[in-house]
Amino acid sequence: MTDTPTSPAGTSSTGATLADLLVAQCAEVWRDDPEWLATGITPIPRLGASLAKMTFNPRLMITDGENMLLEQPAPIGPRDGGPVAEGWAPYARTFDNLWGGRRHALVAPVQIDRFGQTNISVIGDHARPKAALLGARGFPGNSISHPNSFFFPQHNRRALVEGEVDFVCSAGYNPARWLDGRKPHRLDLRRIVTNLCVMDFGGPDHAIRVISLHPGVPLEEVRDSTGFDLALPEQGVAETPRPDAAALAVIAALDPHGIRAGLVKGNPPAVRVV
Amino acid sequence: MLDKRMPLDAIVAELADGMTIAIGGWATRRKPMALVRAIARSGLKDLTVIAYGGPDVGMLAACGKLRRLVFAFVSLDHIPIEPHFKAARQAGLDVWEMDEGMLHWGLRAAAMGLPFLPTRVGIGTAIAGDPRLRTVKSPYDDGETLIAMPAIKPDVALLHVHRADEKGNVLTLSPDPFFDELMARAADRTFVTAEQIVPTADLGLPGNARYHLVERSLISGVAHAPFGAHPTSAAPDYQLDLAHLKAYAAAEGEAWDAYRQRYVAADEGAYLAAVGGADAIRAIPAPIY
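Chains P and U, in that order, are what the protein sequence lines are.
If you want this note's numbering, it's the 1-based position in the first sequence plus 127.
If you want this note's numbering, it's the 1-based position in the second sequence plus 10.
Heads up, simulated DSS-like pairs for lysine-lysine below, C-alpha to C-alpha not over 27 Å straight-line:
1) Lys55(U) with Lys257(P)
2) Lys256(U) with Lys75(U)
3) Lys75(U) with Lys55(U)
4) Lys392(P) with Lys257(P)
5) Lys147(U) with Lys163(U)
6) Lys163(U) with Lys14(U)
7) Lys257(P) with Lys256(U)
8) Lys177(U) with Lys163(U)
9) Lys55(U) with Lys14(U)
10) Lys163(U) with Lys55(U)
11) Lys177(U) with Lys14(U)
12) Lys310(P) with Lys147(U)
13) Lys392(P) with Lys256(U)
14) Lys75(U) with Lys257(P)
15) Lys75(U) with Lys163(U)
Non-contacting residues of chain U with respect to chain P, defined by C-beta distances greater than 10 Å in every case (computed):
16) Ala23
17) Asp165
18) Ala211
In case anyone wonders, no lab produced these hints; they're calculated from the structure.
Just so you know, even glycine gets a beta-carbon here, dropped at the ideal spot from N, CA and C.
Use the sequences and the hints to build the structure in full.
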C-alpha cells in the first residue's frame, strides 16, 4: 500500500485503493441532485450511490437492486437480515418514474463515443453481431428522460471508441440522430468516471472534457487510451481527490466482503505507483 | 361450470407453427418454464417470441423453435449474457430490438386496441432507424415529432402464476407483477400455468386483491405446474436456482445435447427429480442483488 502524506489536512487516504477512489467519484455524480432515484448499475456505481446517500446527499432514493426502495443502502454481497424497505419499485413504476425525469442513473456501458452515445447491445453488425451482448435494455428511454452518467472500469479505445458506437443504445449530443434536429427532450449527460480520470460534457458543443486525472495518471495516457479528441478545462486538469477517512469507512461497511477489490484490474492503490 | 383446467401438453396443442407468443415474467423471474420445456419438446417451429427475456428465450433458441425475437434484452441477471441467446443471435436470428419501455408501450397499444402510442423513447438511438417504426407529429402547439410505437399483438400469451382457480382467476404473489397483465390484454388468448389450483374461496380475496392479475375472461386455459417456473423464481413460493442456471448456461455447443436429454426431454415428474426434488427447490435461499 502506498502512503499518502500529501493528503489534505484532516483526511487520511492511507490504504485507499483505486476502487475506493472510483466509488467516491461515482458518488460525486449525485452530489447536488434533488430528492429522486439514484440508480447505480454494477457494483462500483451502486456503492457510489449508497455512499452519496449515506454521506452528503441523504435525500436520494435507492433500491435493493430488485423492486424495493430502501430506507438505508444494503451492503453488497452476502448479508444478514433484510434492510428496511421504504417503498415499492416494480418495473412498471420504475418506467413511470423515469419517464417523469426524477432519476439520475450511473450505468456501465460497453462502448461510448464522442457524442456520449453508448452501446450494450452488440459488437459488430447488428444483424449478425461478432458478439451479442444484453440488448438495449432501458438505455434509450433513460437517455432522453433523466440525467445519465457513465462508468468504465477499463478506459481504452475498445470502450471509448473512434466514430460512433457499434449500436447506439442511448442518445447523445449527436444532432444527426435527433428528430427534426431538435435536442431530445431531457437529454442531460453528466459525467464519465473511468479507471484513469473523470470527464464531463463541458467542452464545445458538449464535447467530452477531462476534468480530473486520478493521482499519478498522465494526460497523455488518457489521450492514448481514448478513440476521440478530448477537451480540457481552461483552468487546467485537476487531480482527482482521494476519498477521506470517513468515506473509506462507509465504503468498507457497504462492501464488507471486499467485492470491489476484484472489479478493478490488479486492485491498485488510489495513488499510482510509478 | 367454467372449468378451464387442462394438461400442459393440451396448451401446447393449442399453439401452431409460425405463431407470435408473448412469454411473461422477467429474465430469471416467474417464467413459465414448464410450458417452455413442453414447447421445446414439441414439433412446433417458426415461433415469434415477445419477451423480457431469460432462459425461456435461450432454451427455445437452442431447441431451434425461434424464427424471430421481439425483445429489449435477454439475460440471466447473475449471468449477464444468456449464452444460448448469444449463440443464436450471432448465427443471425431475426430480431426486433427495442427499449424495455417501448415493448411495454407496444403491448399497451395492443391491449387498448390502438394502432400505436406516441413516445419519445428511442429518439436519438439506432432503434429509431428500424423500418418498422414511424414517427408522428403532435397535433398540438408543441408540434413535437414523436415515435409512433406500433401495437405489438401476440396470438397467445403464456404466463406462470402462483394460484389459480379452475375458472381462470389468477394471483401472482411475487413483489413485481412485471408486464404479464398487458401481455394477457394484448394477446388473443392467454394460457397460464399455476403452482396451485385452488377453490375460488382459497384465493384469499379481497385480501389478495392486489395480486389478482387480470379478469378471468382473458384466461383461456389453466394448467397445474408445480415448480413450473424452475429454474427461474416464483417467489415467495421458491427462489431462482442459480446452480441450475449455471449448469444450463454452461451447456453450450456440444454440451447442449446432454442438458436437453436430461432436462428438456424429460416429463415434468422426471424433471423435478433431476433437479433435486421439491424440498431442495423450496430450500434455495433468496438471491442477493
